[in-house]
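**Student:** Listed below are the residues making up each chain.
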Amino acid sequence: DVKVTQSSRYLVKRTGEKVFLECVQDMDHENMFWYRQDPGLGLRLIYFSYDVKMKEKGDIPEGYSVSREKKERFSLILESASTNQTSMYLCASSLRQTLSNQPQHFGDGTRLSIL
Amino acid sequence: RKEVEQDPGPFNVPEGATVAFNCTYSNSASQSFFWYRQDCRKEPKLLMSVYSSGNEDGRFTAQLNRASQYISLLIRDSKLSDSATYLCATERDGYNFNKFYFGSGTKLNVKP
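Heads up: the protein sequence lines correspond to chains A and B, in order.
Position 6, counted from 1, in the first sequence is what the working numbering calls 6; the numbers after and before it change by one each time, with no gaps.
So the working numbering is basically just the index in the second sequence, starting at one, shifted up by 115.
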C-alpha cells in the first residue's frame, strides 16, 4: 500500500511566522502535490513537483513556496503566515504522470490554524 | 467553466437504496478517470478507477460516457457507512506531465 505521511495532523501558528509542512512518501513516486481544501471550494492545487528539485505552480501559489531536495520528501513553506491560510493542507503523490491512469494517493492532512 | 463539475448534494437516501452520482468534465482530451471517497475531516481515498468499458467493485459500479463527457458512480444497497463525500477526478495530457483535476464532491447521507 502507498503510504503518504504528513508531519503534523494539527498545527497552530501565529501571523507572520514561517511555517513548514512536511510530506514523505514511501513508494518511490515521481510526482508529489500540495493542496489546500476549504469548505465549499474543494481541493485547490498549490504546487506540485514531478522530479527532485523541480516544481510547478498550481492554481493558488501566492504566499507559498516548496522544496523537493529528495524524491521521497516534499515540503510546503508558508513564508509569512496569514489568517487566510488557515485551512486543511493535503499532500499527495503519484507515479510518473506521463503514464496514464495513475491515481493520486493522499496523506492524512494537516489542519493548520493561523492566529 | 470548471474542468470537472459535480452536484454538491446532499443526497439523502434510506439504507438499502440505490443511488447514482454523475460528474461532467469539460475537456474531451481527458483520458483517465477516478472516484474518491472522503469522510468528514479526513483525506480523500481512492475508491476506484473508471475504465472505458465500465467496471464494478462489489456494490459500486463506475461508468464512463465519452460522448456526453461524464462519469457516473452507482451505489447499490446503500449502507450507513457509505455516508461520505464522493469526489471525481480526471487526468489529461500536459506538456511535460499530465494534469489532474478534482471535482468539489457530492455529499451522500445514508439514513437508517
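There's no promise every hint is true.
Claimed, not checked - Quick look at which bits of chain A chain B covers, simulated, 3 or more residues with Cβ under 8 Å:
| # | region |
| --- | --- |
| 1 | 8-15 |
| 2 | 104-114 |
Said to hold, decoys possible - If you want a taste of the chain A side facing chain B, the calculated C-beta under 10 Å gives, among others:
| # | residue |
| --- | --- |
| 3 | M27 |
| 4 | N31 |
| 5 | F33 |
| 6 | Y35 |
| 7 | L45 |
| 8 | F48 |
| 9 | V52 |
| 10 | S94 |
| 11 | N101 |
Because the hints were derived from the structure by calculation, they are not lab data.
We put the CB at the ideal spot given by N, CA and C, even for glycine.
**Student:** Each hint needs a verdict: does it hold in this structure or not?
**Tutor:** Here is how each hint holds up against the structure:
no.: 1; hint: 8-15; in the structure: violated (count 0)
no.: 2; hint: 104-114; in the structure: holds (count 7)
no.: 3; hint: M27; in the structure: 13 Å, violated
no.: 4; hint: N31; in the structure: 7 Å, holds
no.: 5; hint: F33; in the structure: 8 Å, holds
no.: 6; hint: Y35; in the structure: 8 Å, holds
no.: 7; hint: L45; in the structure: 8 Å, holds
no.: 8; hint: F48; in the structure: 8 Å, holds
no.: 9; hint: V52; in the structure: 14 Å, violated
no.: 10; hint: S94; in the structure: 8 Å, holds
no.: 11; hint: N101; in the structure: 4 Å, holds
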